[in-house]
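Student: With the hints as your guide, set chain Y onto chain F.
Quick mapping for you: the protein sequence lines, in order, are chains F and Y. 240 is the number that numbering that gives the first Met the number 0 gives to position 241 of the first sequence; each next residue is one higher, with no gaps. 25 is the number that numbering that gives the first Met the number 0 gives to position 26 of the second sequence; each next residue is one higher, with no gaps.
Certain hints may be false.
What the hints assert, rightly or not - Just a few of them, taken from the derived set where beta-carbon distance is under 8 Å, the chain Y residues facing chain F:
1) M70
2) A400
3) A431
What the hints assert, rightly or not - Covered by chain F, according to a simulated footprint, are these stretches of chain Y (three or more residues, beta-carbon under 8 Å):
4) 376-382
5) 406-415
Stated by the list, open to error - Quick look at which bits of chain F chain Y covers, simulated, 3 or more residues with Cβ under 8 Å:
6) 191-204
7) 208-216
8) 350-358
The hints are simulated quantities; they were obtained by calculation from the structure and are not laboratory data. None of the values given here were measured: they were computed from a predicted structure. C-beta: ideal position from N, C-alpha, C; glycine also.
The chain contents come next:
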Amino acid sequence: MPWHILALAIKEFLALLRDPRSRLVLIGPPIAQLIVFGYAASFDLNHVTVAIYNEDTGGASRELIARVAGSPHFEVVAQLTREAGITPLIDNKRVLLVLHLGPRFSANLRLGKPASVQAILDGRNSNTAMLGLNYLRDILLVFNRDWAARQGRRGPPAVLQMRAWYNADLNSHWFIIPGIVGLLTLVVTLVVTALSVAREREQGTFDQLLVTPLRPVEILIGKALPGVVIGTFEATFIIVLAVLWFDIPLRGDIGALYTGLLLFLLSAVGIGLMISSIAVTQQQAVLGAFLFLVPAVILSGFATPIANMPEAVQWLTYLDPLRYFLIIVRGVFLEGDGFGLLIHQYWPMAIIGMVSLAAAGWLFRHRMY
Amino acid sequence: MNDTALSLDGVRKTFLSGRREITALDGVGVRVKSGSVTGLIGPDGAGKTTLMRLAAGLLAADAGHIEVLGMDVAREPLAVQSAIGYMPQRFGLYEDLSVQENLNLYADLQGVPRSMRPERYAELMKMTGLAPFGKRLAGQLSGGMKQKLGLACTLVRPPRLLLLDEPTVGVDPVSRRELWSIVYSQVEQAGMTVLLSTAYLDEAERCTEVILLHEGRLLGQETPAAFSAPLAGRTFELHVEGMPARRLQALLMRAPGVLDALVAGDRVRIVTEKAIVPDPAQLLPAHPEVQIDPVPPNFEDAFVARLRDHDGAHGQPPAVSVKVRGATGEEVIRVHNLERRFGDFRAVKGISFTVKRGEIFGLLGANGAGKTTTFRMLCGLLPASGGDLAVAGHDLRRAAARARGSVGYMAQRFSLYANLTVMQNLRFFSSAYGLRNRHQRERLAWALENFELGDYRDVNAGLLPLGYKQRLAFAAALMHQPEILFLDEPTSGVDPLARREFWARTNALAEAGVTALVTTHFMEEANYCDRLVIMAEGEVLAEGHPYDIRRQARTPDNPEPTMEDAFIALVQGREQAA
Numbered sequence: 000m001p002w003h004i005l006a007l008a009i010k011e012f013l014a015l016l017r018d019p020r021s022r023l024v025l026i027g028p029p030i031a032q033l034i035v036f037g038y039a040a041s042f043d044l045n046h047v048t049v050a051i052y053n054e055d056t057g058g059a060s061r062e063l064i065a066r067v068a069g070s071p072h073f074e075v076v077a078q079l080t081r082e083a084g085i086t087p088l089i090d091n092k093r094v095l096l097v098l099h100l101g102p103r104f105s106a107n108l109r110l111g112k113p114a115s116v117q118a119i120l121d122g123r124n125s126n127t128a129m130l131g132l133n134y135l136r137d138i139l140l141v142f143n144r145d146w147a148a149r150q151g152r153r154g155p156p157a158v159l160q161m162r163a164w165y166n167a168d169l170n171s172h173w174f175i176i177p178g179i180v181g182l183l184t185l186v187v188t189l190v191v192t193a194l195s196v197a198r199e200r201e202q203g204t205f206d207q208l209l210v211t212p213l214r215p216v217e218i219l220i221g222k223a224l225p226g227v228v229i230g231t232f233e234a235t236f237i238i239v240l241a242v243l244w245f246d247i248p249l250r251g252d253i254g255a256l257y258t259g260l261l262l263f264l265l266s267a268v269g270i271g272l273m274i275s276s277i278a279v280t281q282q283q284a285v286l287g288a289f290l291f292l293v294p295a296v297i298l299s300g301f302a303t304p305i306a307n308m309p310e311a312v313q314w315l316t317y318l319d320p321l322r323y324f325l326i327i328v329r330g331v332f333l334e335g336d337g338f339g340l341l342i343h344q345y346w347p348m349a350i351i352g353m354v355s356l357a358a359a360g361w362l363f364r365h366r367m368y
Numbered sequence: 000m001n002d003t004a005l006s007l008d009g010v011r012k013t014f015l016s017g018r019r020e021i022t023a024l025d026g027v028g029v030r031v032k033s034g035s036v037t038g039l040i041g042p043d044g045a046g047k048t049t050l051m052r053l054a055a056g057l058l059a060a061d062a063g064h065i066e067v068l069g070m071d072v073a074r075e076p077l078a079v080q081s082a083i084g085y086m087p088q089r090f091g092l093y094e095d096l097s098v099q100e101n102l103n104l105y106a107d108l109q110g111v112p113r114s115m116r117p118e119r120y121a122e123l124m125k126m127t128g129l130a131p132f133g134k135r136l137a138g139q140l141s142g143g144m145k146q147k148l149g150l151a152c153t154l155v156r157p158p159r160l161l162l163l164d165e166p167t168v169g170v171d172p173v174s175r176r177e178l179w180s181i182v183y184s185q186v187e188q189a190g191m192t193v194l195l196s197t198a199y200l201d202e203a204e205r206c207t208e209v210i211l212l213h214e215g216r217l218l219g220q221e222t223p224a225a226f227s228a229p230l231a232g233r234t235f236e237l238h239v240e241g242m243p244a245r246r247l248q249a250l251l252m253r254a255p256g257v258l259d260a261l262v263a264g265d266r267v268r269i270v271t272e273k274a275i276v277p278d279p280a281q282l283l284p285a286h287p288e289v290q291i292d293p294v295p296p297n298f299e300d301a302f303v304a305r306l307r308d309h310d311g312a313h314g315q316p317p318a319v320s321v322k323v324r325g326a327t328g329e330e331v332i333r334v335h336n337l338e339r340r341f342g343d344f345r346a347v348k349g350i351s352f353t354v355k356r357g358e359i360f361g362l363l364g365a366n367g368a369g370k371t372t373t374f375r376m377l378c379g380l381l382p383a384s385g386g387d388l389a390v391a392g393h394d395l396r397r398a399a400a401r402a403r404g405s406v407g408y409m410a411q412r413f414s415l416y417a418n419l420t421v422m423q424n425l426r427f428f429s430s431a432y433g434l435r436n437r438h439q440r441e442r443l444a445w446a447l448e449n450f451e452l453g454d455y456r457d458v459n460a461g462l463l464p465l466g467y468k469q470r471l472a473f474a475a476a477l478m479h480q481p482e483i484l485f486l487d488e489p490t491s492g493v494d495p496l497a498r499r500e501f502w503a504r505t506n507a508l509a510e511a512g513v514t515a516l517v518t519t520h521f522m523e524e525a526n527y528c529d530r531l532v533i534m535a536e537g538e539v540l541a542e543g544h545p546y547d548i549r550r551q552a553r554t555p556d557n558p559e560p561t562m563e564d565a566f567i568a569l570v571q572g573r574e575q576a577a
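Next comes chain F alone, as it looks inside the complex (with noise of 0.2 Å):
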């Protein structure tokens, strides 16, 4: 590499890391996510806060009521004895759902008739409370089953067996913590380059690189080169805790997870660079980096699955960097994907990097007033 990119690369780094509050950075927002994301952020659910109301006095309804007990997802909190106490339970949220069992509940199973059981569920956030019913209905399906055996009736006429594969617990751990290489790396690589150029333009130095001999593209690989660098290194870490760490099993080809991690930066730099380039105060940058990683982040199915999104919308994920990227690194830790695989996840993200980068450097030059 010419000597003259290779000194501005360097500066760029000596820049980054001798300032106290770039450091913080590139150490903060690590370790922060990964707190955040690897324990509080889960899809399961689990300590459901369940009153019950029983009216029925019968064996039947004591050993449904053990099953919901004992199970990890459930958490019996109140008894009932009234009907009236369950809207104060309820509306003070102090528990999801509340089991009314009738009167005749152990009466109607011995006697072979349908026997209802009452669910009372808090509405207000419908995700919750359709992840609580579930379970309940899963207790439901295996009290049912048991109940028809030991009556030396037929139990039901379908049974669902279950195999969850690349994930045999369903556990969303496996899920969330790949996500976060790319989520991660994406935060530090586009707000470390999108202060690369507006902390000079603010502080007058970048008409002073612009007088130098160097030329554009030569500035852009210069100021490129340490996003990249410090992206691999974060992206790593990540990696690196991921396994030994938090146990996720990686089963595809490093190689393969590499390359893409590479394109991936590359497209993120580029992004970052051009919000750089159009920023006039580091202030600026920050926000211009924060508007775009927010969609980006909802559009690249680190939560939401992009199947479930409205057609224009998914559309619009192609344009999202973090969609390829977070597919290739999901594909390579859960799947085992190799090179082959990923081609299509690759190619795209080349693409967003050249572009970006080439907007960003026309507007080294042509955005200065």
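Tutor: Relative to the frame of chain F, chain Y by itself:
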């Protein structure tokens, strides 16, 4: 009635900057008399702003006692603030409000009764000449008009003590004179006391009394005349027939017994160590024909003499080494009908000039005159909207990268990488210009030695004193031995000693054949230029040798006009013509 409006006793104030403690004021004791205009004078970093903020009760002193209008500032800051007016360096005008709305806002903030407003507004508008611009947005005013509006807002409720922090920085000479007349009218009519800080030494002579600060210490408090009194009989103007003033100055800087030498038109002004007419044979053995005339001392002579006494003698002019191709006198920079529009606004209106090799060429004008826009176009940082320009035969905007290698550039405010050390900055800039290995090491050593940066080599550039920042920026621009230098406001804010040092270096470079294009808003610095253009509102008002430009302004009342007089005459002449 107490005749002291403001008094400070043994005041000390320190700040923490990173891990270093910076002493802004060190045991300062001053008294400001009621009904006077007192000038607070000193270079950047002398502690002027800190003193102002302490007096306004916006900062608390570490030690010492401050009394304003008979009140203890530490104990009653709110009472003090309601009795004084304080105009900081960047006055808080709301740029999206009109002139009148700004006045209304400050009248509301200061609780001026509505019944008194119409009369006060009329008075202020008349005084500042802003009456025709009542509906204009403050953001669209010129620098001078903004300062006048700021002053009007501060005066909307007449304070008994007025603190003005550098009200004339970056303001054109005409507006500066107007600001001064407003200040004096307030003192005379309303009996106000004014404390005013400034970095322009010529303004000191307009004050009743002067407080001189340097690096947080008080160097003296006297009348301007008393300051220059010790220099009586020690100032002379010299002239050698046929020798350029610049070369004469370089010789005199090294002459024995000379404290200071300064180019003044086609002559050189010197301050000697003793009050006797110097002997030509001793002063300039090679030029016995030198003509020596005694002249009265001015405030700047006194200031420099004091600082020199304080800091020790000045060093030798630095050694320069450049390889210049081409002959002196050849055309290097050519500008023809250059124009730049920003939307409807024409910042530069079709200007033309040429610069020859080995010249120091000045672009003079107030803020907003279009000189920085012109400058940026010449450096290739901004495309021209019309006209032609060529630097060493190239348009730098379109030229190959190599063409930029023969140009050195020093940006406004000495832009450097603040959190890189002196050495890292120099290393980066020299690498960017393609210096490597032994050559680079040699140039680095040259820069550290010649600019006396050795003691600071591992200090972050952002923490350097301003004078050293200027040196570093200059050194960085010279690492690759350029033939053409672009220097944008290279002396703004630095003290007179650093300014002299800077011009000594630039002179030496010009003698070696380097071409320098310099912008400045210090009118008196025009004297250092071989030729210059004076710009106002995007047009060239005058072009030529500084001596000729000054001569144009000669009148029977003012046979020896200064560059500022000449500038004002030019601006007024243009207004009359319009």
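Student: Of the hints given before, which are not true for this structure?
Tutor: Failing hints, ascending: 1, 8.
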